[in-house]
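Chemist: One line per chain: the protein sequences are A and D, in this order. For the record, in the first sequence the residue sitting at position 256 is 256 according to my numbering, with numbers rising by one throughout. For the record, in the second sequence the residue sitting at position 93 is 93 according to my numbering, with numbers rising by one throughout.
Because the hints were derived from the structure by calculation, they are not lab data. Where hints are given, some of them may not hold.
[Said to hold, decoys possible] Now the stretches of chain A that chain D is said to cover, found in silico as 3 or more residues with beta-carbon under 8 angstroms:
#1 35-43
#2 48-58
#3 162-168
Cβ coordinates follow ideal geometry from the N, Cα and C atoms, glycine included.
There are 2 protein chains.
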Amino acid sequence: MPPDHSRAPIGVFDSGIGGLTVAASLRRLLPSEKILYIGDTARVPYGGKSRATVERYSLELGELLLAEHAKIIVVACNTASALGVPRMKEVFRVPVQGVILPGAKAAVSSTKNKIIGVIGTRATIASGAYERAILDIDPAARIHCTACPLLVPLIEEGLFDDPVTDQILARYLVPLLSKGIDTLVLGCTHYPLLKPAIAKIAGPSVSLVDSAENCALAVQTLLRDAQLSTPANLSGQLDVALTDATEGFLRTAAQALELKINQVTLGDTARK
Amino acid sequence: MPPDHSRAPIGVFDSGIGGLTVAASLRRLLPSEKILYIGDTARVPYGGKSRATVERYSLELGELLLAEHAKIIVVACNTASALGVPRMKEVFRVPVQGVILPGAKAAVSSTKNKIIGVIGTRATIASGAYERAILDIDPAARIHCTACPLLVPLIEEGLFDDPVTDQILARYLVPLLSKGIDTLVLGCTHYPLLKPAIAKIAGPSVSLVDSAENCALAVQTLLRDAQLSTPANLSGQLDVALTDATEGFLRTAAQALELKINQVTLGDTARK
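Here chain A stands alone, though its shape is the one from the complex:
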């Protein structure tokens, strides 16, 4: 009989804390699963870095999760999904789930006029990953992308509801809105924390697509298909390990997401 991997953890990583939005969706959808989340806070952010660097970091974090016996690797970071997932899929034996494809699918389901906006970090937008993923599903879609490099720092400062955040958001969003988009992909796992502020500017006629929820649904399907789901009668938990001590934002994010977190420590190799 093969060993039972179903009770192994779901491994999740992000450049920092933003991916907790994905962890929160996984907890809601799959409450019996154990989740091990690694935030690479020693090297955060990834969003302005090169493909080679982000790919290398992604492989290193995947290795750390495998060393903890992860049964699947969830890349809860759009930049790492855009730049790191292709190589991770070649290298790792466990399934690898990024956030780009679920977000792209959700955007195509949501749009009526086929005009879709995408916002993300500089690296995610420059990769063209969302454009490719959306056009693969619907070649008739028209896609407008904007890099929003200041949003992550504003979010990490907790300025969710702040006139400065509103002004910066308006600069990024008004040109997109003028293209007639009816759907906006929040292509960075931090951005769901700005949903109310974004909705205020985008207005009720634009649907906001948050890849966290859709990524969690994709993970559910993957686990079911691979017969790796934990029995439903068990109760899961969320363990969080960070590559560097961070103040404030972990608490802020956990609170905003109503998440119960156990902070854990990995081996020395984690402090890369």
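Based on the hints, put chain D in the right spot on chain A.
Modeler: Structure of chain D alone, referenced to chain A:
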């Protein structure tokens, strides 16, 4: 006869590109010196990271500079100066010059009412390094410190002259100004790029202390005392190596500082 180290380069490092303000001061003051600058753009920023992590990064970058035969190591980053320099001085055989002590000396020389403000990253301010350095020189000084975590992202986006930058600056500076400071230490090597915007809010009665110029003077003295100065008839240059490819900001900064730069590549070890 001992080997002549005087023509070896001055090694400079920063978490990113901000330390080019120090490199620019060194070029002006010591035009015959060769300068090798390493920007750790693969792990930038340091300003929100822990002491242990910043210390480890500082030692790694120091090693890279020594491998290139640097005759002195200049830490052109306030966060690394605050958290990394003490250990570097224990470990390295060449002189190590940070930016904190020169800035502290300049602040004490400049102040008349002995009320000094200091702005910097979260990690620099939390370290208390400026307070200690200033009080060591003048125990009667009164020091007010404020962490300004959004300034580096705004500067890296090139928003030097922008209403949003002005609003954020006002939030950080108005409480400091209300304490009656007559001197403000720009305790981050990025901040000199915001001097005009800061001066607009601080007004003419507050002197702005920029540690770049003072650090360059300290390096000049160190080299002279150790008989390591390059002969004045030679012409120097500035070589810049980055641990990750960065777009835009290197060009922006070089332009703003009127710096001529040769971009160079280090060995593989540099891509940590």
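Chemist: Look at each hint and say if it fits the structure.
Modeler: A quick look at each hint next to the structure:
Counting residues of the segment 35-43 of chain A whose CB lies closer than 8 angstroms to any CB of chain D gives 3, so the stated coverage by that chain holds, three being the minimum. Only residues whose C-beta sits within less than 8 angstroms of a C-beta in chain D count toward coverage, and the segment 48-58 of chain A has 6 of them, enough to reach three; the restraint holds. By the rule of at least three residues with a Cβ nearer than 8 angstroms to a Cβ of chain D, the coverage given for the segment 162-168 of chain A holds, with 4 such residues.
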